[in-house]
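Visitor: Assembling the complex is the task here: the two chains are given apart, and the hints tell you how they should meet.
Protein chains in written order, with our numbering: chain A, 1 to 110; chain B, 1 to 114.
These aren't lab readings, by the way, just hints derived from the structure by calculation. Backbone N, C-alpha and C define an ideal beta-carbon position, used for all residues, glycine too. It is possible that some hints are incorrect.
[Said to hold, decoys possible] Estimated spans, in silico, between C-beta atoms of each pair:
hint, chain 1, residue 1, chain 2, residue 2, range
1, A, 79, B, 110, 21 to 27 Å
2, A, 44, B, 39, 45 to 51 Å
3, A, 7, B, 2, 29 to 35 Å
4, A, 54, B, 67, 33 to 39 Å
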Amino acid sequence: KNEVEQSPQNLTAQEGEFITINCSYSVGISALHWLQQHPGGGIVSLFMLSSGKKKHGRLIATINIQEKHSSLHITASHPRDSAVYICAAYSGGGADGLTFGKGTHLIIQP
Amino acid sequence: EAQVTQNPRYLITVTGKKLTVTCSQNMNHEYMSWYRQDPGLGLRQIYYSMNVEVTDKGDVPEGYKVSRKEKRNFPLILESPSPNQTSLYFCASSFSGSSYNEQFFGPGTRLTVL
Chain A
1 KNEVEQSPQN LTAQEGEFIT INCSYSVGIS ALHWLQQHPG GGIVSLFMLS SGKKKHGRLI
61 ATINIQEKHS SLHITASHPR DSAVYICAAY SGGGADGLTF GKGTHLIIQP
Chain B
1 EAQVTQNPRY LITVTGKKLT VTCSQNMNHE YMSWYRQDPG LGLRQIYYSM NVEVTDKGDV
61 PEGYKVSRKE KRNFPLILES PSPNQTSLYF CASSFSGSSY NEQFFGPGTR LTVL
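Excised from the complex, chain B in its bound form (with noise of 0.2 Å):
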């Protein structure tokens, strides 16, 4: 079954414990993407990767890390979480480099920073 999987699905964690969300799709997308989901601010992008070794900044990087070691994985790290990190976080992937086709959404992971 062609699927973006997210790993854990629920976190509750302390401030400053390094944590990784993992990510993985098998459909052979070149991009991927990691959102944070926040009451009254809806879906905002965090790092995107058009492509093995490429990745970039979104619009709220600060506080993450990402890579893009393998096409199919692109793990979202938190070197040193802090509360304000606390939201749900939904990784995605489609076909070619960029936002412009359809977005496979995995399942969300929902992170609590205390």
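Okay, chain A solo, but in the shape it has when bound (with noise of 0.2 Å):
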């Protein structure tokens, strides 16, 4: 069974920081998902990554497969960044699913 940790638990930082939170993983996985949950409650899907490197808007999510690791950043951070984010890998074969870290939450200050 995959062993998913995400670093830092909470974060909190000044409007405009650049912000980078980790996730490893203990197996290898074919994917790896990074989720955003907003305070309200809904999740939102951020990013899937095989390999690489995924950019969107301010956002930059990266995986090293040799390393079972994967960093999500947020360039010049706002006060709508606020969340919890969650990455999830997904192993492929046997058994489907989702193994999810207990995410990482997020605080921008202005």
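Guide: Quick look at the structure:
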């Protein structure tokens, strides 16, 4: 069973700062998802990565398959980025399903 | 609008009273899944379905049932709810028959079992 660890658990930063959230997993995977959970509870998919790097607006996600590690970066952070960010690993094969990290609670102060 | 809907959004019930949480998607997705989210434990998969009439257990299936008679609907059934099923529940769907692709989540159902 894959173990997915996220760090930090909580992060408070000032508006404009560069943010990095880390995700590591114990078993090789087929895909790594990054999700955003709004304060109201809704969950939105941000990225699905199987290799390399993806960028969407101010968000950048990278994955290093050999090191079993992924990072989510936010450039020029804004208070509206305040949310819980969750990574989830898909190992594929056998029983399907995502293994989730416990999330990183991000607060961006004006 | 492409979306996953869940009903009800909030439910307070009592131990042993059967309930169903509905989930419907309008994107013609093959894959649907149910998750529960608990403080300190994160999201965990309850059941999933790779297509019509194909369902399988996730990590925490005890006390739950599902069915997939139509592609768009994937109801979650609690035959005899207990207080340890108090949780926030999410339904999700994706295009292909696995969790590989982007997941689309419903708004969540907050269930309290007294």
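Visitor: Within 29 to 35 Å or not, the Cβ separation of residue 7 of chain A and residue 2 of chain B?
Guide: 34 Å, holds
Visitor: Just tell me: holds or violated, for the beta carbon distance of residue 79 of chain A and residue 110 of chain B against 21 to 27 Å?
Guide: 25 Å, holds
Visitor: Given the hint of 45 to 51 Å, check if residue 44 of chain A and residue 39 of chain B actually sit that far apart at their C-beta atoms.
Guide: 20 Å, violated
Visitor: Return holds or violated for the Cβ distance of residue 54 of chain A and residue 67 of chain B against the range 33 to 39 Å.
Guide: 36 Å, holds
When each numbered hint is compared with the structure, a violation occurs for hint 2 only.
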